[in-house]
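Undergrad: Below, each chain spelled out in residue letters.
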Amino acid sequence: MVKYLIPTALIGYFLLISVGLLALGFHWDNYNKPPDQPIAFPHNTHAGKLGLKCQYCHQYTEKSMQAGIPTVALCMECHKNAAVDRPEVRKLIKYWEDKQPIPWAKVHTFRKNANVRFSHKRHIKKGIDCETCHGKMEVVVKVRPARNFKMGFCVSCHRANAASTDCWTCHK
Amino acid sequence: MDFLSGLISTPRVEHLLINHYIIIGVSALFLFYIGILFGSVSFALLFNTLARSEENQFYQQFAKDLASTFMAKKMVGVILGILPVAVLAIAYAQNLFEADIKISQYFFYILLFSILGVVFAFLFKSAMLKEEGSYEIQQLLGTISLFSLLLMVFVFISSTSLILFPSKWNLVKLPIPVFFDFNIVVRFLTLLVAALGFTGSAILFFYFNWMGGKDNIDEKYQNFVLKFAGGVAIASTIALPIFILWNYKTIPPLAESTLAYELAIGIVFILMIICLLLYTVLSKFTVHNGTQIFVLFIIVSISLSFTDNLARETALAEHSLYLYKKAEEVANEVAMMRDELRGPAETDAAMGEQIFNTRCIACHKFDQRLVGPPYTETLPKYENDIESLGNFILNPVKMNPEYPVMPNQGLKPNEAKAVAEYIMQKYMEEYKK
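As given, the protein sequences belong to chains A and B, one line each in that order. Per the numbering used here: the first sequence = residues 104 to 275. Per the numbering used here: the second sequence = residues 6 to 438.
It cannot be assumed that every hint is accurate.
Stated by the list, open to error - Derived Cβ-Cβ restraints for the label pairs, each shown as a range:
1) B:Ala240 - A:Arg189: 53 to 59 Å
2) B:Ile278 - A:Ser267: 55 to 61 Å
3) A:Gln140 - B:Ile275: 34 to 40 Å
Calculated from the structure, these hints are not laboratory results. Virtual Cβ for every residue (Gly too), placed ideally from N, Cα, C.
Kindly produce the complete structure, drawing on both the sequences and the hints.
TA: The following block contains the structure:
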């Protein structure tokens with residue numbers, strides 16, 4: 104009986120660690136993994152291959168706090184005729200025909216209780232590239248947060264660009 | 006070694022793929038060897054000290070055995086302990102071509118510390134094997150080697166782990182990676198714990214299994230070595246899973262992937278098998294399975310290197326895609342330069358055709374409406390004014406309310422002229438009624 108006690112305890116220990124890893128993986132899969140989108144929109148085709156500027160679709164980047172998600176109508180300007188046979192474009196056309204907005208999942212976000220007030224307009228006017236925060240979107244197929252959007256990231260960039268680091272600049 | 010970044014040109018797709026395997030293979034061998042060197046120097050120092058204070062005849066013998074067995078051949082030290090640093094510096098410089106961080110500059114320190122670590126390990130060995138060697142000199146040489154190896158491993162881990170933190174790249178301005186993250190400390194400790202396991206398994210293998218085992222060993226001494234090496238190795242296999250779990254608890258989300266978790270569970274499974282094998286070694290006092298244990302530890306080293314590289318590649322995914330795109334562009338440019346040798350007229354035509362086939366064709370056809378209007382509708386007004394067509398391609402404006410505005414393609418004037426000439430020529434030859 105005692106002979107098997109230690110090997111059994113060792114196996115139990117390794118299984119416990121494996122369960123811990125499974126739990127971490129499960130947590131990542133469900134809470135931290137980049138979200139699946141209702142339409143697999145290929146940024147690499149639009150911003151890369153076709154060379155569209157970010158502002159072509161995200162039209163409020165220079166005018167507002169929010170960059171803005173393109174309207175279905177804007178997508179349909181091109182996709183009335185372009186690539187209409189592709190399955191993902193068929194999904195877009197279905198939203199258009201049903202007169203429904205596309206329920207895109209939010210990818211870039213700050214911690215809810217951080218009360219961050221971020222203005223796209225101010226950053227673009229200052230000449231900060233979209234890539235600084237969003238990474239190389241012209242090659243991306245599935246979008247994920249390319250930076251961690253924690254305070255260290257923002258503050259270091261503010262310091263490097265001689266912008267205010269006062270709490271009230273970003274937190275309201 | 007920052008100059009390396011300046012020497013690197015856009016890597017080709019084949020280079021990037023080969024780099025992937027070079028980094029995994031070379032890192033696994035390098036860290037396995039450095040781990041054993043670090044472990045053997047530490048244990049030799051420890052037993053050399055214990056031999057002075059305690060009257061155990063085995064301590065001095067074991068310290069000398071460690072020095073002669075694991076710091077034996079200078080060539081092995083150079084090939085496995087120093088050369089890989091240069092290879093990895095070039096591989097990382099290619100993977101990070103045009104990235105905002107250049108970690109190859111840190112490889113100068115890694116190379117310096119690895120040379121110091123390896124050279125002083127050999128000096129330590131010579132001092133240990135001298136008949137009347139001075140204890141102080143032995144300890145001094147061993148300590149310098151040990152600290153050099155420790156520093157080298159820390160700079161290596163912190164430099165290569167920088168890839169996992171793109172948000173912090175702009176924080177690192179100094180020529181040494183001084184930024185702190187808890188995950189880097191965990192990775193460093195993981196490697197030290199693994200190093201003890203590598204050393205323990207190597208001692209068992211080289212004492213009891215390699216070429217039939219060492220001859221003429223006293224049985225009591227044999228039991229002492231078996232107990233110590235087996236104990237160290239089993240402690241390492243028990244501690245390593247906790248560090249692996251800790252690593253995944255602290256790893257940045259950007260470097261996480263489902264495959265990484267699956268592989269981590271696989272490594273824990275291998276460690277469990279090693280642990281049970283070591284348990285039989287320690288309970289039965291026989292080392293029949295030393296080779297299996299040693300080989301399994303090599304597999305653990307390769308797997309750790311693979312998962313580490315997977316984390317870096319996951320974090321760098323966008324940059325890698327960017328490099329693949331650049332590689333494709335360079336291949337196209339080379340093809341254009343080859344065309345240039347055939348003469349200017351053919352060059353412009355080839356450039357125009359290439360731009361048309363990669364950019365314009367997505368939205369335009371000659372005789373059919375697509376996203377933009379058919380060329381048969383738009384080109385007639387430019388028939389005698391090709392320059393205006395080139396200007397429109399350079400700076401498009403909304404012309405027809407039925408169609409979306411054409412996006413600016415960011416072409417150079419000569420490229421716009423070439424594509425304008427190409428589509429006009431094709432229109433005149435094939436579509437004009």
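Undergrad: Which of the listed hints are not met by the structure?
TA: none
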